[in-house]
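Student: Heads up: the sequence lines are chains A and B, in that order.
Heads up: the first sequence runs through residues 1 to 136, numbered per my numbering.
Heads up: the second sequence runs through residues 1 to 191, numbered per my numbering.
Please note that the accuracy of each hint is not assured.
Unchecked claim - So the derived label-pair ranges between C-beta atoms look like this:
{"no.": "1", "chain 1": "A", "residue 1": "T72", "chain 2": "B", "residue 2": "K102", "range": "46 to 54 Å"}
{"no.": "2", "chain 1": "B", "residue 1": "R143", "chain 2": "A", "residue 2": "E34", "range": "45 to 53 Å"}
{"no.": "3", "chain 1": "A", "residue 1": "E85", "chain 2": "B", "residue 2": "A60", "range": "41 to 49 Å"}
{"no.": "4", "chain 1": "B", "residue 1": "L95", "chain 2": "A", "residue 2": "T80", "range": "49 to 57 Å"}
Keep in mind the hints are simulated off the structure, nothing from the lab.
Predicted model only: the values in this text are computed from it and were never measured.
Glycine included, each C-beta is placed from N, C-alpha and C at the ideal position.
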Amino acid sequence: MERPLDRLIYLASTRDYNSGIYYHDGLAAQFTEEVASEALADCHRQAFHELLASPLKELVSQFESYMESTPTQAKDFIATWKKIEPYRVAIPVNTDPLSAEFLFSNFKIALAVLEGRLQSHPKAEPGAWPLPSLGQ
Amino acid sequence: MIQLLLFLALGLGLFIALYFLMRPAVSAPGSADELRNARLALNVLQTGLLSSEVVHRIFAKEDLEYVSDGPMEIRNLFVAERRRLALLWVAKMRLQILNLRKFHLGSARFHAGLKMRTEVRLAAEFLFLLFTCRVLWLALYFRGVYAAPAIVERATKMAERVCAVSETSLGFLNRSLDSLRNDSVRNPTLP
Numbered sequence: 001m002e003r004p005l006d007r008l009i010y011l012a013s014t015r016d017y018n019s020g021i022y023y024h025d026g027l028a029a030q031f032t033e034e035v036a037s038e039a040l041a042d043c044h045r046q047a048f049h050e051l052l053a054s055p056l057k058e059l060v061s062q063f064e065s066y067m068e069s070t071p072t073q074a075k076d077f078i079a080t081w082k083k084i085e086p087y088r089v090a091i092p093v094n095t096d097p098l099s100a101e102f103l104f105s106n107f108k109i110a111l112a113v114l115e116g117r118l119q120s121h122p123k124a125e126p127g128a129w130p131l132p133s134l135g136q
Numbered sequence: 001m002i003q004l005l006l007f008l009a010l011g012l013g014l015f016i017a018l019y020f021l022m023r024p025a026v027s028a029p030g031s032a033d034e035l036r037n038a039r040l041a042l043n044v045l046q047t048g049l050l051s052s053e054v055v056h057r058i059f060a061k062e063d064l065e066y067v068s069d070g071p072m073e074i075r076n077l078f079v080a081e082r083r084r085l086a087l088l089w090v091a092k093m094r095l096q097i098l099n100l101r102k103f104h105l106g107s108a109r110f111h112a113g114l115k116m117r118t119e120v121r122l123a124a125e126f127l128f129l130l131f132t133c134r135v136l137w138l139a140l141y142f143r144g145v146y147a148a149p150a151i152v153e154r155a156t157k158m159a160e161r162v163c164a165v166s167e168t169s170l171g172f173l174n175r176s177l178d179s180l181r182n183d184s185v186r187n188p189t190l191p
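One chain only, chain A, in its complex shape:
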């Protein structure tokens, strides 16, 4: 997975909600459960820091690519993400609150950008704003 956003979402999905431990059968069979969990936790933290350091334009582009990689329609995807805010449970444990709050805020803005783009221009180049209409 090249995009940090994809990695963040995937790695968060390998983590148990109750214990906070990461599980991966393939890695656990090759190494041990503890080693696999620690390695996944490290990758999760790294993905989080890469996203934190990403400029907003890049984050919007990643979000758009991620959205297109799912079978859900863009309109439904945005509506669900705005309503449920799944990114709130996708961050690593022990993340400092300000960094977490900053990333949540960026996600909120990125969703607003994508929603605005979807309303005015159904299909646009990744990361770009819609072209102004002739009437503007």
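Let chain A serve as the given structure and place chain B on it in line with the hints.
Tutor: Then chain B, alone, in the frame of chain A:
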């Protein structure tokens, strides 16, 4: 006359006894809570609030330039969000600096053995830093996130300096923890 002198001596003796009873214990200055709070405040400042990555991103102008090319409502949302985060950052930083100052005012001198001159300079730095935080908060609140980059930089640098001195003051705690860890490694039955 002798009776009066006896009563005076007794009164003086009681007064001295009272003084010694009321005097705070010098052998155990600073509670564990105070030390723990200071260590925690220092960690929060060093790993979160003064982390250049987060501060740089909050005040990055390239993000503003990106949203400025788009619709006005998204630009407004962006500016409001950045302002909220910047104010949160200053408020959190100020709170942790107050915690550190409490430690220095209370018990740091017993453990760190700071010189009088260093203590006075540190007190002035705390005072100036807290004042700078107030000014910064007002600037961000009334004039927006991008209004005072110089004050942001100055506050961050000052906070880093204060953290460095506090780190030295709390060094004894690290040494004690290290020796405790070594002891428990050598003798696993120790708690």
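Student: Give a verdict on every hint.
Tutor: Tested hints:
1. Distance hint check: the CB atoms of T72 of chain A and K102 of chain B are about 51 Å apart, consistent with the given range 46 to 54 Å.
2. For the hinted restraint 45 to 53 Å between R143 of chain B and E34 of chain A, the CB-CB distance of approximately 51 Å keeps it satisfied.
3. Distance hint for E85 of chain A and A60 of chain B: a CB-CB separation of about 23 Å, inconsistent with the stated range 41 to 49 Å.
4. At roughly 36 Å, the beta-carbon separation of L95 of chain B and T80 of chain A lies outside the given 49 to 57 Å, and the hint is violated.
Consistency note: the structure conflicts with the earlier hints numbered 3, 4.
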